[in-house]
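Chains A and B, in that order, are what the protein sequence lines are.
For the first sequence, my numbering begins at 601 and goes up steadily by one.
For the second sequence, my numbering begins at 601 and goes up steadily by one.
Incorrect hints may appear among the rest.
Because identical chains share one entry, a pair is satisfied inside a single copy or across any pair of copies.
Unchecked claim - Calculated lysine to aspartate or glutamate pairs in the DMTMM-like style (CA-CA distance at most 25 Å, straight line):
| id | residue 1 | residue 2 |
| --- | --- | --- |
| 1 | 901 | 798 |
| 2 | 901 | 759 |
| 3 | 616 | 677 |
| 4 | 741 | 677 |
| 5 | 706 | 884 |
| 6 | 901 | 823 |
| 7 | 628 | 906 |
| 8 | 840 | 645 |
| 9 | 741 | 654 |
| 10 | 741 | 703 |
| 11 | 863 | 651 |
| 12 | 706 | 814 |
| 13 | 857 | 620 |
| 14 | 693 | 703 |
| 15 | 643 | 654 |
| 16 | 901 | 677 |
| 17 | 712 | 814 |
In case anyone wonders, no lab produced these hints; they're calculated from the structure.
Here the structure is a predicted model, which means the values were calculated and not measured.
2 protein chains.
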Amino acid sequence: MTKAQPINIAIVGVGKIARDQHLPALAKDGDYKLVAAASRHGKVDGVPNFESIEALLAASPEVEAVSLCMPPQVRHDAARAAILAGKHVFLEKPPGATVSEVEHLKALAAEKGVTLFASWHSRYAPAVEAARSFLASARIKSAAINWKEDVRRWHPNQEWIWQAGGFGVFDPGINALSIATHILPPMFITEATLDFPENRDAPIAAQVSFRTSEGTPVAVDFDWRQTGPQSWDILAETDKGFMVLSGGGTRLEVEGKVLKDEKETEYPMLYRRFAKLVHDRTSDVDLAPLQHVADAFMLGKRNVVEPFFD
Amino acid sequence: MTKAQPINIAIVGVGKIARDQHLPALAKDGDYKLVAAASRHGKVDGVPNFESIEALLAASPEVEAVSLCMPPQVRHDAARAAILAGKHVFLEKPPGATVSEVEHLKALAAEKGVTLFASWHSRYAPAVEAARSFLASARIKSAAINWKEDVRRWHPNQEWIWQAGGFGVFDPGINALSIATHILPPMFITEATLDFPENRDAPIAAQVSFRTSEGTPVAVDFDWRQTGPQSWDILAETDKGFMVLSGGGTRLEVEGKVLKDEKETEYPMLYRRFAKLVHDRTSDVDLAPLQHVADAFMLGKRNVVEPFFD
Chain A
601 MTKAQPINIA
611 IVGVGKIARD
621 QHLPALAKDG
631 DYKLVAAASR
641 HGKVDGVPNF
651 ESIEALLAAS
661 PEVEAVSLCM
671 PPQVRHDAAR
681 AAILAGKHVF
691 LEKPPGATVS
701 EVEHLKALAA
711 EKGVTLFASW
721 HSRYAPAVEA
731 ARSFLASARI
741 KSAAINWKED
751 VRRWHPNQEW
761 IWQAGGFGVF
771 DPGINALSIA
781 THILPPMFIT
791 EATLDFPENR
801 DAPIAAQVSF
811 RTSEGTPVAV
821 DFDWRQTGPQ
831 SWDILAETDK
841 GFMVLSGGGT
851 RLEVEGKVLK
861 DEKETEYPML
871 YRRFAKLVHD
881 RTSDVDLAPL
891 QHVADAFMLG
901 KRNVVEPFFD
Chain B
601 MTKAQPINIA
611 IVGVGKIARD
621 QHLPALAKDG
631 DYKLVAAASR
641 HGKVDGVPNF
651 ESIEALLAAS
661 PEVEAVSLCM
671 PPQVRHDAAR
681 AAILAGKHVF
691 LEKPPGATVS
701 EVEHLKALAA
711 EKGVTLFASW
721 HSRYAPAVEA
731 ARSFLASARI
741 KSAAINWKED
751 VRRWHPNQEW
761 IWQAGGFGVF
771 DPGINALSIA
781 THILPPMFIT
791 EATLDFPENR
801 DAPIAAQVSF
811 RTSEGTPVAV
821 DFDWRQTGPQ
831 SWDILAETDK
841 GFMVLSGGGT
851 RLEVEGKVLK
861 DEKETEYPML
871 YRRFAKLVHD
881 RTSDVDLAPL
891 QHVADAFMLG
901 KRNVVEPFFD
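With the hints as extra help, turn the sequences into a complete structure.
Take a look at the structure:
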């Protein structure tokens with residue numbers, strides 16, 4: 601069996617996440633050849649750079665796939681242009697600004713016969729599958745999600761996250777939800793409170809109560825004001841003991857016994873998954889995490905809190 | 601061919617909408633026999649009344665279908681109980697408090713082999729199908745939705761509509777969206793502003809910009825502060841003239857020429873549709889209108905306006 605040709609890929613949106621994660625993952629992956637980039641501001645060394653995806657698509661017929669790493673508010677038009685040009689599309693999370701527009705992209709990709717991958721990087725954290733197996737074997741009595749980090753440390757001067765539609769604390773929170781919807785039974789929101797700084801259009805904290813389809817309560821606490829140690833934990837009380845999935849999915853403990861503790865390699869795994877989807881000519885667009893965020897905004901009580909300054 | 605037996609139906613939630621619409625529609629429809637009712641407050645003459653759906657289901661095995669007319673915040677548990685008891689379920693609009701929970705009910709109904717009908721009464725207004733045909737035959741340049749009514753006149757003292765998750769002006773607005781998503785191409789929100797009275801947890805007005813999948817702009821103006829003449833209109837500028845669908849879907853004009861003008865009979869038509877779904881053992885759960893509302897809350901900028909008192 602001969603190895604398939606590398607996929608000619610382009611990066612669109614050369615910001616922090618592209619530099620921190622996408623470009624290093626692509627550089628190490630023999631399934632891909634990076635052939636172009638487009639961005640309003642950033643540039644990638646060693647490949648042609650364009651000002652817009654439209655310019656890139658027009659000038660680079662050899663591109664087979666694009667990876668979109670810009671803010672969600674502008675992702676739809678780029679994805680639509682790429683799909684209409686017959687390119688496979690990798691979407692950074694969250695996959696769009698609205699659920700409806702991603703549903704539309706999903707239908708469009710099916711129509712054009714290209715792959716659409718709505719990526720949820722946290723699902724590929726090393727201990728997530730072990731947590732899933734453990735929970736599938738147990739009766740869950742209650743669960744809790746604590747995702748608390750310091751926005752100044754992880755999102756310095758990212759103005760778009762504070763704008764309407766920028767998701768606010770749900771930008772990291774959706775990572776927790778992408779794990780929870782993968783390892784817990786189907787769940788839905790019964791109550792939510794969203795804390796909006798009085799000078800911002802997106803929440804800095806949120807408390808969300810879910811119930812699973814089996815009636816199990818899941819208490820969610822998202823907070824962007826946590827200094828000191830950071831919390832990215834999912835906890836579950838079960839008939840087989842107390843489970844702690846911590847470190848954003850890197851470490852699994854049950855009743856204090858460590859079952860898994862590994863360094864994360866999320867983005868390399870995402871790109872491996874995308875290559876498989878492209879080769880299989882299928883898509884993977886699970887919207888449950890984004891749906892919960894939209895539901896939280898619809899159902900949530902708005903609470904105004906003190907102003908936030910970067 | 602013999603006429604099918606009437607469907608034994610129960611009404612759950614005996615409030616304003618049940619009295620104004622559901623009970624009169626059922627009384628005239630030979631496809632149904634009303635056999636019970638459940639409500640915390642209201643009662644229906646001539647049938648056994650129960651305090652809860654659980655009591656009704658336990659005491660009335662002859663019930664084949666239930667129609668849920670309570671506020672959306674408490675609809676899920678009632679629908680779930682009914683589906684698990686093997687009953688067909690008719691949901692008043694909106695079908696639930698979150699999109700996720702209705703997706704769950706949809707899956708549950710399929711699993712249990714019962715009919716679930718997420719009803720959108722405005723889609724059954726007499727001129728809607730004619731508007732749909734007209735728009736399908738034309739090129740749409742732009743569209744506008746003006747849904748402006750006096751909340752004091754139509755929703756007196758309905759506290760739940762002002763609570764978080766009560767939808768506010770999207771409660772009538774979702775009627776407009778249920779027509780728009782039926783007669784216009786797929787569309788998605790690009791921008792929204794929601795006006796919250798400073799003493800309420802739901803918006804009193806909303807301005808929402810959509811674009812259709814073909815890029816056509818659709819401007820939506822919802823307002824609950826309109827005294828005097830009320831507006832329930834969908835307008836479209838097309839290459840075949842200017843279309844006005846007014847009166848909540850009862851009257852269609854193109855270039856000033858009246859093509860349809862009839863009295864509405866929405867609820868009788870909804871119940872005819874539900875009977876057909878039950879007989880065919882199928883479901884009808886189109887969530888697009890509710891999805892747009894969730895998206896509007898997620899994407900929308902919140903604007904605080906003067907307090908509202910009933």
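Hints, one by one, checked against the model:
1. 901 x 798: Both: 15 Å inside a chain and 13 Å across chains, each within 25 Å.
2. 901 x 759: Answer is both; intra-copy 24 Å and inter-copy 15 Å each pass.
3. 616 x 677: Answer is within: at 21 Å inside a copy they meet the 25 Å cutoff, but 44 Å across does not.
4. 741 x 677: between (43 Å within a copy, 19 Å between copies)
5. 706 x 884: both (9 Å within a copy, 21 Å between copies)
6. 901 x 823: For residue 901 and residue 823, the Cα distance is within 25 Å both inside one copy (16 Å) and across copies (21 Å).
7. 628 x 906: neither (44 Å within a copy, 57 Å between copies)
8. 840 x 645: Neither way: residue 840 and residue 645 sit 52 Å apart in one copy and 52 Å across, limit 25 Å.
9. 741 x 654: Between. Shortest inter-copy distance 24 Å satisfies the 25 Å Cα cut-off; intra-copy 51 Å does not.
10. 741 x 703: For residue 741 and residue 703, the Cα distance is within 25 Å only across copies (23 Å; inside one copy 34 Å).
11. 863 x 651: So residue 863 and residue 651 fail the 25 Å test inside a copy (36 Å) and across (56 Å) alike.
12. 706 x 814: between (30 Å within a copy, 15 Å between copies)
13. 857 x 620: neither (32 Å within a copy, 61 Å between copies)
14. 693 x 703: both (15 Å within a copy, 22 Å between copies)
15. 643 x 654: within (16 Å within a copy, 62 Å between copies)
16. 901 x 677: Between copies only: 21 Å across, 31 Å inside.
17. 712 x 814: between (39 Å within a copy, 16 Å between copies)
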